[in-house]
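Novice: Take a look at the letters that make up each chain.
Protein chains: 2
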Amino acid sequence: MKRVAVLVEDLYQDLEVWYPILRLREEGIEVVVVGTGKGSYKGKYGYPIEEDVSVEDVKASEFDGVVIPGGYAPDFLRRYPRVNSFVREIYESGGVVGSICHGGWVLISAGIVRGKRVTSFFAIRDDLVNAGANFEDSEVVVDGNLVTSRMPDDLPAFVKTIIEVGKSK
Amino acid sequence: MKRVAVLVEDLYQDLEVWYPILRLREEGIEVVVVGTGKGSYKGKYGYPIEEDVSVEDVKASEFDGVVIPGGYAPDFLRRYPRVNSFVREIYESGGVVGSICHGGWVLISAGIVRGKRVTSFFAIRDDLVNAGANFEDSEVVVDGNLVTSRMPDDLPAFVKTIIEVGKSK
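Line order of the protein sequences matches chains P and H. For any residue, its number in the numbering used here is found by taking its place in the first sequence, counting from 1, and adding 12. For any residue, its number in the numbering used here is found by taking its place in the second sequence, counting from 1, and adding 12.
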């Protein structure tokens, strides 16, 4: 796993963006911050981030994985058809798709959860179940190349597992 | 390295507290959030944290290391004699002392930098030099059991190095 996209939009959960960025960099993985074209964003608690590139200007084939953070950013992200197709293309090409917290909303709109084992923040459990997912309440759930977690406390296990799944491919 | 204290006070640099906490937990290390007795604190960008215990109620001998974050928290932390003696006792017992950014102010007041190789955020370089330190501009500097870094971008190298120094002891 050499190159991973981290999706951002306003109201992202601050740690769910920054912990993966820093931890993947420790592993020597290139991390690209992919936004929706606004340029800069603020987290739920106000931590700023700049996008490296807009999702409109990236090819899924250039990435080995994507991380979808929580907070309310996923409610914005899923409004962009290109966000959803970008995630789906990475998933279908075998790249690692990591989603935490409310990130599951993007998985739903990307159309990749039916019949899959997933977890998420408990508030959106019904949305995942209604989309056909098999919901589990665990700190991290792996189904093939799909890695999901529930909340910021799960971040150590979440990113460690993304790295492991990425190495095994 | 089994048990590490992370010092907190208001205006802590959000990532410089939370990245070490989460990354050390990934390693199976117990992390204890040590404050000054206020109970709860907010980072520079507003991220909240609760202390597990006040520095007045801990023994240095119960810890294998301590992390001192930046932001303006160090300006508050160094006002507490028990913060400075806690850091000095851990250092003198051979525990790992990690300091990033403005954390160097606490190293100065703990009296442990004279003749030591250190780095910090460039704004407090003069304070470290005046305290007798040998200043270097590198993402991470190791001198014995003292590990220092400059800024949030250095976090992947900073915590990785703390873990390595902790294992080698």
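Hints should not be assumed to be uniformly reliable.
Since copy identity is lost for identical chains, a pair holds within one copy or between any two.
Said to hold, decoys possible - Cross-link-like lysine to aspartate or glutamate pairs, in silico, DMTMM-like; alpha carbons within 20 Å at most:
1. 50 - 62
2. 172 - 38
3. 54 - 138
4. 54 - 176
5. 181 - 64
6. 50 - 176
7. 128 - 22
8. 172 - 42
9. 172 - 148
10. 181 - 149
Rather than coming from a laboratory, the hints here were simulated on the basis of the structure.
Novice: Does each hint hold? Answer for all of them.
Specialist: Checked hints:
1. Taking CA atoms no more than 20 Å apart as the test, residue 50 paired with residue 62 passes inside one copy only; the shortest distance there is 9 Å, against 34 Å between copies.
2. Within a single copy, residue 172 and residue 38 get their C-alpha atoms as close as 11 Å, and across copies as close as 7 Å, so both meet the 20 Å cut-off.
3. For the homomeric pair residue 54 and residue 138, neither the shortest alpha-carbon distance inside one copy (28 Å) nor that between copies (33 Å) is at most 20 Å.
4. Taking the shortest Cα distances, residue 54 and residue 176 never come within 20 Å of each other, neither inside one copy (30 Å) nor across copies (33 Å).
5. When the C-alpha separation of residue 181 and residue 64 is checked against a cutoff of 20 Å, the pair qualifies neither within a copy, at 26 Å, nor between copies, at 40 Å.
6. Taking the shortest alpha-carbon separations for residue 50 and residue 176, neither the intra-copy value of 32 Å nor the inter-copy value of 40 Å comes in at or below 20 Å.
7. Taking CA atoms no more than 20 Å apart as the test, residue 128 paired with residue 22 passes in neither setting, with 28 Å inside one copy and 43 Å between copies.
8. When the C-alpha separation of residue 172 and residue 42 is checked against a cutoff of 20 Å, the pair qualifies both within a copy, at 16 Å, and between copies, at 17 Å.
9. Only within a single protomer do residue 172 and residue 148 lie at most 20 Å apart by alpha-carbon distance; the minimum there is 19 Å, versus 32 Å between protomers.
10. Taking CA atoms no more than 20 Å apart as the test, residue 181 paired with residue 149 passes in neither setting, with 25 Å inside one copy and 38 Å between copies.
Violated hints, in rising order: 3, 4, 5, 6, 7 and 10; the structure is consistent with all others.
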